[in-house]
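Undergrad: Respectively, the protein sequence lines represent chains A and B. Start counting at 1 in the first sequence, then tack on 12, and there's your number in this note's numbering. Start counting at 1 in the second sequence, then tack on 1, and there's your number in this note's numbering.
I should point out that these hints are in silico values taken from the structure, not numbers from a laboratory. Just so you know, even glycine gets a beta-carbon here, dropped at the ideal spot from N, CA and C. Treat the hints with care, since some could be wrong.
[As the list claims (entries may be wrong)] Label-pair distances were calculated between CB atoms; the ranges are:
| no. | chain 1 | residue 1 | chain 2 | residue 2 | range |
| --- | --- | --- | --- | --- | --- |
| 1 | A | Arg-663 | B | Arg-157 | 52 to 60 angstroms |
| 2 | A | Leu-844 | B | Asp-34 | 55 to 63 angstroms |
| 3 | B | Asp-122 | A | Ala-212 | 52 to 60 angstroms |
| 4 | B | Asp-34 | A | Pro-219 | 47 to 55 angstroms |
[Claimed, not checked] Residues of chain B clear of chain A, computed beta-carbon distances all greater than 12 angstroms:
| no. | residue |
| --- | --- |
| 5 | Gly-14 |
| 6 | Glu-15 |
| 7 | Arg-17 |
| 8 | Cys-74 |
| 9 | Glu-75 |
| 10 | Leu-121 |
| 11 | Ala-159 |
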Amino acid sequence: MPSKRPTARPVEGRRWKVEGPAPTQAVKSRESRVSASPHPAKPARPAPARTTDPGPRTPDPGLGPRTPDPGPLGGRHVRPDATSKVAGLTRYVGDLALPGMLHAALATSKVAAATIAGIDTSAAVAVPDVVSVLTAKDIPGQNLVGVIFTDQPLLVTDRVRMVGDRLAVVAARTPEAAWAAARAVTADLRPLSGVYDPVAAMAPGSPTVHESGNVFKTFRVIRGDLARARKAASVVVEAEYHVGGQDHAYLEPQGCLAIPEGQRITIVASCQCPFYIQHAVARVLGLSLAAVRVEQAPTGGGFGGKEDYPSEPAACAALLAWRTGRPVRLLYHRELDLQVSTKRHAAVVRHRWGADAKGKLCFAEVETIMDAGGYVGLSTVVAERANVSAIGPYDVPVVDVKTHVVYTNNLFGGAYRGFGAPQVTWAAEATLDKLARSLGLDPLEIRRRNVLDARKRVLCTGQKLPGPVLAGEVLERATALAGWEGFKARRPAGDDHLRRGIGVSLVLYGCSLHWGGQKLDRSSAVVILQPDGSVIVRVGLAEIGQGNLTAAQTIAAQALGVDPSMVQVWQPDTTTVGDSGPTVASRGAHMSGMAILDAVARLRTRLDPVAAELLECQPSEVELAGSFARVAGQAGRAVPISRVAAEMASRRIEAISTGWYHPPEREYDPRTGQGAAYEFYALACHVARVAVDPELGLVKVEEVSASHDVGRVIHRDALEGQIQGGIVQAMGWGVSEALPLKDGVLQNPSFTDYVIPTSADVPAIKIDILESDGPGGPYGAKGIGEPSFIPTASAIRNAVCDALGIDVDTLPLTPPTVVAALGDRHPHAWVLEVKR
Amino acid sequence: MAERIAVTFTLNGEKRSFQVPAGRRLLDLLRDDAGLTGTKEGCGAGECGACTVLLDGRPVTSCLVLAASVEGCEVVTVEGLGGAAGHLHPFQRALVDTGGVQCGFCTPGVAVTGAAIVALDVADPAEQARLLAGNLCRCTGYTKIFAALEAAREARHAK
Chain A
13 MPSKRPTARP
23 VEGRRWKVEG
33 PAPTQAVKSR
43 ESRVSASPHP
53 AKPARPAPAR
63 TTDPGPRTPD
73 PGLGPRTPDP
83 GPLGGRHVRP
93 DATSKVAGLT
103 RYVGDLALPG
113 MLHAALATSK
123 VAAATIAGID
133 TSAAVAVPDV
143 VSVLTAKDIP
153 GQNLVGVIFT
163 DQPLLVTDRV
173 RMVGDRLAVV
183 AARTPEAAWA
193 AARAVTADLR
203 PLSGVYDPVA
213 AMAPGSPTVH
223 ESGNVFKTFR
233 VIRGDLARAR
243 KAASVVVEAE
253 YHVGGQDHAY
263 LEPQGCLAIP
273 EGQRITIVAS
283 CQCPFYIQHA
293 VARVLGLSLA
303 AVRVEQAPTG
313 GGFGGKEDYP
323 SEPAACAALL
333 AWRTGRPVRL
343 LYHRELDLQV
353 STKRHAAVVR
363 HRWGADAKGK
373 LCFAEVETIM
383 DAGGYVGLST
393 VVAERANVSA
403 IGPYDVPVVD
413 VKTHVVYTNN
423 LFGGAYRGFG
433 APQVTWAAEA
443 TLDKLARSLG
453 LDPLEIRRRN
463 VLDARKRVLC
473 TGQKLPGPVL
483 AGEVLERATA
493 LAGWEGFKAR
503 RPAGDDHLRR
513 GIGVSLVLYG
523 CSLHWGGQKL
533 DRSSAVVILQ
543 PDGSVIVRVG
553 LAEIGQGNLT
563 AAQTIAAQAL
573 GVDPSMVQVW
583 QPDTTTVGDS
593 GPTVASRGAH
603 MSGMAILDAV
613 ARLRTRLDPV
623 AAELLECQPS
633 EVELAGSFAR
643 VAGQAGRAVP
653 ISRVAAEMAS
663 RRIEAISTGW
673 YHPPEREYDP
683 RTGQGAAYEF
693 YALACHVARV
703 AVDPELGLVK
713 VEEVSASHDV
723 GRVIHRDALE
733 GQIQGGIVQA
743 MGWGVSEALP
753 LKDGVLQNPS
763 FTDYVIPTSA
773 DVPAIKIDIL
783 ESDGPGGPYG
793 AKGIGEPSFI
803 PTASAIRNAV
813 CDALGIDVDT
823 LPLTPPTVVA
833 ALGDRHPHAW
843 VLEVKR
Chain B
2 MAERIAVTFT
12 LNGEKRSFQV
22 PAGRRLLDLL
32 RDDAGLTGTK
42 EGCGAGECGA
52 CTVLLDGRPV
62 TSCLVLAASV
72 EGCEVVTVEG
82 LGGAAGHLHP
92 FQRALVDTGG
102 VQCGFCTPGV
112 AVTGAAIVAL
122 DVADPAEQAR
132 LLAGNLCRCT
142 GYTKIFAALE
152 AAREARHAK
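Taking the hints into account, I'd like the entire structure generated from these sequences.
TA: Have a look at this one:
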């Protein structure tokens, strides 16, 4: 427990709530139930549900009791997908097979840069049980994949730009035959000089990956008079950070199943974005979008790795299915998955930041070079977020940010939890600590002096932060939870030779999509009330483990006043809902939820009159809660919702409803990076405590304390699970998950050598949840998937530097990196000294 | 065709016989021949633990076990952990109750290893964590899985 927990106080006339007893003030009336608006009115917030004891219900004083029942929101009911998953009954795509199904395999390039003089498939065709071997000439539609810019062929023809470029695809009766045939495909590759360093790739005369040049795009944020601000600064820190990439390491490798049926096709895929696959397959096969059905299979982890990439295997399987007329399943093995799938972008981040003598930031210059690999993929989206996230939740009047997307022949940079924000946050938080040290300030103190708050709420983009600005609150709460002051006063010595340190990091996360992705930022839902009062919900956002089914179920149950067990949310299918964009950017629960609320509001225009008749009241008096429709304020006048549903069915009243949502339009100038990049923001602070072995350079993260402004809790277990999982995954990125490359070839494509955290590595995790009023998604909830990841690695880095009294500016902090950073301060440096 | 070997063993309490090629992995026998797809393949190299089953009561990664080698053994998969069909092992139930499940792909292996840890009645959390370290989970950060181990151990003692 924090030693000094701040108490609730008014912020700009509104109150934000802290964890504690349910608020006693009555919930205000939900006046409007918008029927067809794209922006459904947010329902008033019910009191948060408690798992153990909901506490005494406060009698309603008559302010408008439309949601008087706590309902499931904020509770811990059992996840709808948990029981089948623990029993081994959930069928992932690898568990699905059809009669006559063929197995696919990919022939991929093992070199990163070459021209292709020819591809010979004759030996592959001759492998027993092989049915089909296809190359680019067999593609009926366009040989192009790529979500935003189609610079990438599905099957290469003349040029190899990265390891994993596909030369041919194979279908065979057994997986063994398919992979044997794939290995038998030979290509006459003429090596080219490649470029394997994004900084070198920017230099004139560097080998070019695409004819358009290696610098694909540069994003900017420009604010204030830099020359003047430089003069005002009394301390300036310059630094260059080398931030490594990361593999998603979802436990289920990439996989999909393509089922052709005449002139149309069904794809069942492990993925985050069924609509991306729909577009990719339609383009490659030359089909209409309506002729491509994509069902999201239960998906064994995504984290961004199943955003854009699954379109590629899906298009390969679809091509083989189309040509053979048979179902084709493609399952990656782990080595291939690690070698060729997208990665978090490795980045070089250069800083020049200045502060005045009191530690107030005067200016910040940031130049980030993101290694896109051989194709642009989602790199522009990643860079767009990195660009506006480079300063963090700090008040800096003068800002100059450049963010470059650079082609190389390295691994394919893609979406990964936080996309771009973790890299720049790692650098920003390191620089703040350097500035603090130069000024003789505590890292906590320099942050206190610079965080945005109710008075200083303008971001580097010029956007005025809406709602309560809780940067200072999460900072105080997380550092209190971690015992910051006590640690600093009496640094724990421990009974060993390890050195201990503490580090802090904040994050300001723009929820959902950047202005540049606005056209994709919409969401569709379908709600069907069954005659027995149970409810079917379909949404366009995917369940990838993060709990979207749970969130959608909770929100629907809350809005309809039924028990969550009465609501079944089925996996997304492109034929059941409209294109809802990608399941990324912590937008799943937010966008699903808003569309569900709209669908429920529309359903109630038909449900409420029926209930009113049964209750002998006005439709406007009907409220839904506790599995009953009842007269507002009169608990005794109630009828079960199942009875209303049966009545609707018997009267043949339409009990299916669609819902739609898109956020309001925003203004933003991409030339200057000024404007509303995001609709609203989540804030979080993590504090790490570490023990470092100064001889081995081995970092043990002992504890992470996290304070998160979540807006509103939807499902407490899922929320905590996101935070715990985000912290441990980020710890892996920060300390152990290196991606060493040699000429673009990954050197450790196995779980033996690519070291993700195990249960034995897990730190103690302390969580503090802050609920607040302000802009947000359904019931005021904000995304959590990425804010939970972003600040951990930087807090760990700062803790390690605190422990050792040095700077480590390279991520991950593996033992060799830490020992190298120690240099002359390594306990055995004298050995080298003597040798010299 | 490659030479086939007859293998007979107890699978989830039932005596079963299969004809397998010499190189067939137990994982493939379970998934493809016995139709028990609850056991997952995450890496095929014995690192991730998604394919963990109990072999004579001990957790093993079935991707590294030759099917022909389990002659006369007792094999329990995630589907058989709870005994009769439709029943869950106390640790499986604890995973559900504590929220220790996210994407679910590691979960069958975690359930099997966790059931073995519960059977060992290990009280020390650090030792529990060490015993679970052969099962990678990328979603949960393991914290709620630890809670499930503790809940299942407590349930065992409450009996």
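Undergrad: Could you run down the list of hints and mark each one as holding or not?
TA: The hints, checked one at a time:
1. For the pair Arg-663/A and Arg-157/B, the beta carbons lie near 54 angstroms from each other, so the given range of 52 to 60 angstroms is met.
2. Distance hint check for Leu-844/A and Asp-34/B: the Cβ-Cβ separation is about 59 angstroms, which falls inside the suggested range of 55 to 63 angstroms.
3. Judged by the Cβ atoms, the range 52 to 60 angstroms given for Asp-122/B and Ala-212/A holds: they are separated by roughly 58 angstroms.
4. Taken as a hint, the range 47 to 55 angstroms holds for the pair Asp-34/B and Pro-219/A, whose Cβ atoms sit roughly 51 angstroms apart.
5. Residue-level check passed: Gly-14/B sits 15 angstroms from the nearest beta carbon of chain A, beyond 12 angstroms.
6. Distance check on Glu-15/B: its Cβ is at least 16 angstroms (rounded) from any Cβ of chain A, clearing the 12 angstroms threshold; non-interface status holds.
7. The Cβ of Arg-17/B sits about 17 angstroms from the closest Cβ of chain A, beyond the 12 angstroms cut-off, so the non-interface label holds.
8. Distance to chain A confirms Cys-74/B as a non-interface residue, since its nearest Cβ pair spans about 20 angstroms, more than 12 angstroms.
9. With a minimum CB-CB distance of about 18 angstroms to chain A, Glu-75/B clears the 12 angstroms threshold, and the non-interface call stands.
10. Against chain A, the non-interface label of Leu-121/B holds: every CB pair exceeds 12 angstroms, the least being about 15 angstroms.
11. For Ala-159/B, the non-interface assignment is confirmed: its Cβ lies about 19 angstroms from the closest Cβ of chain A, beyond the 12 angstroms cut-off.
In the structure shown, no violation is registered for any of the earlier numbered hints.
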